[in-house]
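Student: Taken in sequence, the protein lines are chains B, E and D.
Position 40 of the first sequence, counting from 1, maps to 40 under our numbering, and the rest follow consecutively.
Position 261 of the second sequence, counting from 1, maps to 261 under our numbering, and the rest follow consecutively.
Position 318 of the third sequence, counting from 1, maps to 318 under our numbering, and the rest follow consecutively.
Hints are not guaranteed to be accurate.
Stated by the list, open to error - List time: in silico DSBU-like cross-link candidates among lysine-lysine, alpha-carbon distance up to 35 Å:
(1) E:LYS437 x B:LYS60
(2) D:LYS12 x E:LYS188
(3) E:LYS289 x D:LYS87
(4) D:LYS165 x E:LYS202
(5) B:LYS24 x E:LYS437
(6) B:LYS78 x B:LYS54
(7) B:LYS24 x E:LYS289
These are calculated hints, taken from the structure and not from any lab test.
Here the structure is a predicted model, which means the values were calculated and not measured.
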Amino acid sequence: MDGNEILKQLNEIFNEELDTDDIKLNNRTTANDVDGWDSLSHIQLVVAIEKRFKIRFTAKEIQSWNNIGELIDCINNKLPV
Amino acid sequence: MIFTSIFFALFFLIVAVFYYALPHKFRWLWILASGIFFYLQSKPTYLLIVTFIILITWYAGLQIGNTTSSKKGWRFYFLAIIANIGILVFFKYTNFFTSSAVDFINFIRQKIFSSTETITNSLLINVIAPLGISYITFQAIGYLIEIKRGNHAAEKNLGHFATFLLFFPKITAGPVERAHNFLPQLKKVKPFEYNNISCGLKQILWGLFKKLVIADRLFIYVSAVLPNAEHHSGISLIIAVVFYVFQMYADFSGYSDMAIGFAKVLGFDVMSNFNRPLLAKSVTEFWRKWHISLSTWFADYFYTPIAIAKRDWGMWSVVYASFTTFIVLGFWHGAYWTFIVFGGLQGFILTIEFFTRKARKNIRKKIPAFLNGLIGITFTFSYFAFSLIFFRANYLTDAFTIIKRIFTANGPIYMENPSIIVFSLLGISFLTLVEVKREYFNNLFTLYDNKNWLIRNCYYCLLLIIILTAGVFDGGEFIYFQF
Amino acid sequence: MATSFKKILTQKGYWYLIFKILAFLILFFILDFILGGFLGKLYFKQTSGWEYRTKYSIEDTRADILIFGASRAQQQYNPFFFEERLKQTCYNVGRDGEPFFYYYAIFKGILKRYTPKMIILDIENGVFRAEQTSYDRISVLLPFYKNHPEMRSVIKLKGPFEKYKLQSKVYPYNSMLFKILIGNAEFNKKRSIDINGYVPLSRALNEPTRSVNISQKYDLDANKLNLYQSFINECLKANIKLYIVCSPYYINLIGSDTSMTIAKNVAKSNSIQFFDFSKDDFFLKNPNLFDDTVHVNIEGAKIFSNKLIDSIILNSAYKN
Chain B
1 MDGNEILKQL NEIFNEELDT DDIKLNNRTT ANDVDGWDSL SHIQLVVAIE KRFKIRFTAK
61 EIQSWNNIGE LIDCINNKLP V
Chain E
1 MIFTSIFFAL FFLIVAVFYY ALPHKFRWLW ILASGIFFYL QSKPTYLLIV TFIILITWYA
61 GLQIGNTTSS KKGWRFYFLA IIANIGILVF FKYTNFFTSS AVDFINFIRQ KIFSSTETIT
121 NSLLINVIAP LGISYITFQA IGYLIEIKRG NHAAEKNLGH FATFLLFFPK ITAGPVERAH
181 NFLPQLKKVK PFEYNNISCG LKQILWGLFK KLVIADRLFI YVSAVLPNAE HHSGISLIIA
241 VVFYVFQMYA DFSGYSDMAI GFAKVLGFDV MSNFNRPLLA KSVTEFWRKW HISLSTWFAD
301 YFYTPIAIAK RDWGMWSVVY ASFTTFIVLG FWHGAYWTFI VFGGLQGFIL TIEFFTRKAR
361 KNIRKKIPAF LNGLIGITFT FSYFAFSLIF FRANYLTDAF TIIKRIFTAN GPIYMENPSI
421 IVFSLLGISF LTLVEVKREY FNNLFTLYDN KNWLIRNCYY CLLLIIILTA GVFDGGEFIY
481 FQF
Chain D
1 MATSFKKILT QKGYWYLIFK ILAFLILFFI LDFILGGFLG KLYFKQTSGW EYRTKYSIED
61 TRADILIFGA SRAQQQYNPF FFEERLKQTC YNVGRDGEPF FYYYAIFKGI LKRYTPKMII
121 LDIENGVFRA EQTSYDRISV LLPFYKNHPE MRSVIKLKGP FEKYKLQSKV YPYNSMLFKI
181 LIGNAEFNKK RSIDINGYVP LSRALNEPTR SVNISQKYDL DANKLNLYQS FINECLKANI
241 KLYIVCSPYY INLIGSDTSM TIAKNVAKSN SIQFFDFSKD DFFLKNPNLF DDTVHVNIEG
301 AKIFSNKLID SIILNSAYKN
């Protein structure tokens, strides 16, 4: 799976979990840019991402992403090659 | 030394003048010395406790950062965290635990042995907490966690680290600053900048205004009514509770503004603490705007780790984490059951808001935006006001008396001195006007940042004149002091 | 010169800051002067209310008999009876909630203008107690600092920085804005009634007395004690007939209060007549004469004033 594919899937997850359809993510998007992405919904998003990609993040990883790009890199590293 | 005293003003003037007169390499030493002087004004012996916290946190930080063996790192991390929490718990909660134990023993004696004798609380030792102890320990714990997580390097210079924890503007009541935000600023050469001083002084002026004109005036009515609830009518109690919300906000945000302003004059940007919380449209949003330095501290170091660890529980992880966080947050304010109820109420409403957020979003789509905002703000304000009844009361029964009387006690409005009510209402209106203007019409009719020197300065003069004519000068107490 | 000044303004260094601060201060003092002057005009133009009575006491009254004290003077001594029976003019300069500093400052202000013939000083339990609020309450005297040098030594007791705070012309009127406005309003004359300074109370108690032990020790205020001695000395010097009185309580007082004991002893050593009604049986048996446990109502004031006048007449007859 390449970065763009992951981004597309993340976009779906975000819109689904935050219950909108106007979120358009890119690599530089941060939590401040997305309405409703806060510390409460963050965990919920993480769980959804883990389920979709069938991966497991560490606690450290969950708290380390500064933007969507870093999240995608992290997912990419976990996916089977 | 409180910020609103003339003694502090003189102290600060001397600190600032010498600070800019000194070359960069001595400035941190001067700030540290002034912090120590500031601390000595409270209870000199307690400086030893703070020194102990500084030494142990600094040393453990270095060990965690340096060591390659994670086991050794863990040991230091654990010891330092336990030491910090231990000191905090000892000074803040000894009274609570011993008096709860006494109450329990008395209860048992009464119920089981039908003894009429009771052990009195006067037998207990009364522990007085060192100035700003929770702010100091929280900043120390945050520092250790950041190093443990590998996000930031440990501070090598003990002097710089001590300056961070003893930076006098934030000793008494925060903000709960992060080491990695403060320390780089301390090391950087800061030339004299006119804008820092001008911005800092303006923020101090606004903080003084909120504290002296609004908070201390409201305090007079609130402290006459709420502690004597059984003598007051429902309508007086409602007024007092609403006043109390504004009092808390004006008091605490005013004090924070002053702290941030003093830091700014010295060229430091410390964390902001309030972002117009009374205009929040939900309680969830409220806690992102109220006491930000503390709520983000709890979010980063307490809430998120719990929620992550329990994330397999799905939605319940959020519920669990919210409740634990807010109960601990309530308990942090002081060792009373009333504070725990206060925290519990926040956890409860956050959970409700979390589960209903989709439904609420759908409803919102059908109502005009301004009405939405109004309903949200009114609800949030009312709920917070309700929870503050517990925050203010000394005992749970007092809080219940207030709530009961709000609904049942008819009678006139208590107005011993009508002048106080007029001053209070004008103060609240002024504050609301300023907040609404900054939130929604930031670019219209600006006075504070007006481009014209005369208009801008006339506004500052006016604030100062209002402080002198309508401020309360004779003995107003800062409520967050003992926290 | 011109270029270096321009340099100061553009470089935004230390001199620029000092220049800006000075400009701000000049603007502030101009506005402060205008507003302070305006508030001052209004303050001294008042025709009724609390601040008006303070101003009247200091600057206007010429009564032969003056009554000093706090609420227990203001609300219990009716000058009407003193005027009628002693055939002299009388004014009650007592003010609710004010400490000994206030009595003394008013006394000094009056003494500057004329010498009254008789002074009745009401002293209550705990009058010499050391407490911060007594110093805070001095604030009502700030408007008189400028034109009454004789009162300054008392006003300065408020705090070490008072002299500097008074550089502001609005500061003396702190927290008084609405009281001053209402004090100028016509309707307030009907709302805030007083009879030569006496403010009558109207409720009547209907409950048994409670007992309070008043013999606990507390810290005494050296300033208050000194002013008490000075008050007596100056009355003696000016040949003013001074009576010191403790008015009735509707409380069953047990033991004796430290301040009261001192007040009595000092009065005795200066041969000043001291009338103590604090344990007067007649009042203790009549709750209907009290508005609350420490203030008699209008009926009680009538009886109390007359009882006191009886004692004064008896005392002077005996002396003569």
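Student: Broken hints, numbered, in rising order?
Tutor: When the structure is compared with the hints, numbers 1, 3 turn out to be violated.
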